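J.: Generate coordinates for the entire structure from the input sequences, incorporating the hints supplied.
The listed protein sequences derive, respectively, from chains U and D.
My numbering puts the first residue of the first sequence at 41, with every later residue one more than the last.
My numbering puts the first residue of the second sequence at 96, with every later residue one more than the last.
Hints may be right or wrong, so weigh each one.
Simulated restraints on C-beta separations [to be verified]:
id, chain 1, residue 1, chain 2, residue 2, range
1, D, Leu254, U, Arg454, 38 to 48 Å
2, D, Ile206, U, Lys354, 44 to 54 Å
3, U, Leu250, D, Ser233, 25 to 35 Å
Derived coverage of chain D by chain U (criterion: at least 3 residues anywhere in the stretch with Cβ under 8 Å from a Cβ of chain U; other residues may be distant) [what the hints assert, rightly or not]:
id, region
4, 211 to 217
5, 225 to 236
Rather than coming from a laboratory, the hints here were simulated on the basis of the structure.
Nothing here was measured: the structure is a model prediction, and the numbers come from that model.
All residues carry an ideal CB built from backbone N, CA and C; glycine is no exception.
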Amino acid sequence: MKKRIGFVAMAVLGLALTISLCGPGPGPARAANEIKVGVIFPLTGPVASIGVASQRGVVMAVDRINQEGGIKAMGGAKIKLFFGDDEAKPNVAMTEGERLIKQEKVDALVGSYTSSCSFPLTQVAEVNKIPIVVGSSAKDEITERKFKYTFRAELKASWIARDQVNFIKFLAAKTGQSIKTIGLLHEDSGWGQSFAKDVVPLIQKEGFQLVATLPYPKDSKDMRSFILKLKAANPDLVLQESYTEDAILVTKTMHELQFYSKGILGTGTGHSSPFYHGGVGGLDEYLMKWESWSPAILLQEVKDRSKEFFDRFKTPMDPFSAKCYTVAFILAQAYEIAGTTDKEKVRDALRKVHIKVGDKGNTHLFPMRFDGDGQAPEAVGVHTQVIKGQYVVLAPEIGATGKPIYPAPPWSERLKK
Amino acid sequence: MSIDIIFESLVGGLLIGGVYGVIAIGLTIIFGILKIVNFAHGEFLMLGMYISYYSCLYLGIDPYTSLLIVIPVMFAIGILCEILLIEPVINAPQDIQILLTFGIVLVLQNIALLLWTGDWRSLTTPLVFQITHIGGISLKLTTIIAFLASLLLTFLLFLFLKKTDYGKAIRACSDEREGALFAGLKLNKVFYLTFGIGTVLAAIPGALILPFFSVSPFVGFSFTLQTFIIIVLGGLGSIPGALIGGIIVGIGESLGALFIPGTLKQTVTFILFIAIVCLRPSGLFGAKLRE
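T.: Next comes the structure, spelled out in structure tokens:
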């Protein structure tokens, strides 16, 4: 009896196994009218806050796109997102990319944030012929490899240096002040070093004098020595590039050492972060900065989406969520143009995408379209200044909401803390 | 490079070094007495910072008053950790212990990430921005308080270990484990107490540095490596060694940043470390716990 039951059990098991093997392979089956997009950002690790913000931008955009009827050229197909976490580590970015492509079988990719991750990730996409739209990664080489499937909705890192030096000239002209000497303070990771490499020759070419060049280790706990050196050099303008934690530390140290600088011009990430502004409690008054985006941009789309973002996520929209919001719309327009998930056709469609300034989905002050290398050729950043605790847009002049204040009043005359 | 700048840098390095030292004391005690390499030390610092931060935010108190909350909470967490996690591996080979404490690092970091997100948080109460001028140098008031509190803490700990019964019991278990057992000391209770104290000694500096450092779930790790260097430099298990090691590292980094291109400033720490360990392999203040 036992033997018979055992045999029957084995037979049933064997049958079940055979049936399951004939069924659909690994990965969820595609719903009839669905576009699968993989979204990879650093959701954990040191830049988690930026990765999460980026992902939220995509999520909010896709929810809106789906709610408003999906991709109409594909019968209202909805976009379904599949998330990956690259932990800001290049090898993890690659494995996550492979996973989303091979197992989840996504039709397109969005991501990542750090250039060190986007660079290999776009490589994985290119090899697998998957279109990928990159948001905030600025490393020049990402769109210099003659890749066909990579599209970047951001300017190249070397252009940031150009933007900064042009702004310094603009500042001098607009305020009628003389700016001759510059002190460069930057963290020394890959991005900081490449920024320095780009900006130093430009500064010298334009006739400014570089009186201090101060790279510092990114995780420094103590910035006193660097600020002391900067104080001794006493430049007309401090050009700074920092991430969030060090930006806060530098500003607080400048206050502690009563280092009064006529002007501080920040570059990207650290100073853009709302945690910087919130974390220095008013010490950033008169600080000018370049960033890829600012909530102070007076486009209706920006105003509406910022409010929506804040209501939903209880934290303000930042350059990363704004950028990735637009990235999702870029991809959506490509699907409207292509009318199919066929990857080659989508790639070709991406080359035809054009979202103008002020159009729905564009949160930036430049048009979203791409050249033959997948680069957005008109990409430009935004310069703002903190005046009375509010951000004022200084440049590009098309979006300016106020005039720059330079030189800044000394500490003793400012809002005292 | 004027003498003023060097002096300012020196003082800054001294003050921050004192805090590094206190962070190191907790780690050196745990190693000296339990013989456990606790990689999660930085994460206890991080927890102390968060508890202090939220106490300040929601109760409107300052970080020093928040210690009234931080200390008992972290002491309890330390004891729980010891009972549930450390005790089972106390006699296991060292690689097992390392794996365990490394696991604690990951768990604590990700619990913090879940609870409080990856965003950087800083205190912005008026106290944070107060500057004093001493001898022509501008210093943050909170840095001075942190340094003095660190010295006080070290002194109190020293008294505790030298004069109280509990302290003597801890020293006995460290110096002569088997003898202590024979004398009737409950070894595991001593270990609970020690781990609890070590954890608190990681958390208190957290509250002290909150006014000038931002907190995120991953801030602990950047302290951990440096703390290990300090305790080896000062001598494993030695309290004065940890404090002085911390001050050496603080001053070394600060002065180093003045004279060497910024990126290389940590080489000063490492060169000092290698030099000292070559001259005295057991660190500045000897091999075993000598309190």
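J.: Hint by hint, note whether the structure agrees.
T.: Structure-based check of all given hints:
1. D:Leu254 <-> U:Arg454: 38 to 48 Å: Hint holds: Cβ distance 46 Å, inside 38 to 48 Å.
2. D:Ile206 <-> U:Lys354: 44 to 54 Å: violated (21 Å)
3. U:Leu250 <-> D:Ser233: 25 to 35 Å: Holds: the Cβ-Cβ distance is about 26 Å, inside 25 to 35 Å.
4. 211 to 217: Check passed, 6 qualifying residues.
5. 225 to 236: This one holds; 4 residues, not fewer than the three required, reach chain U with a Cβ under 8 Å.
Going through the hint list in order, the structure does not satisfy hint 2, though it satisfies all others.
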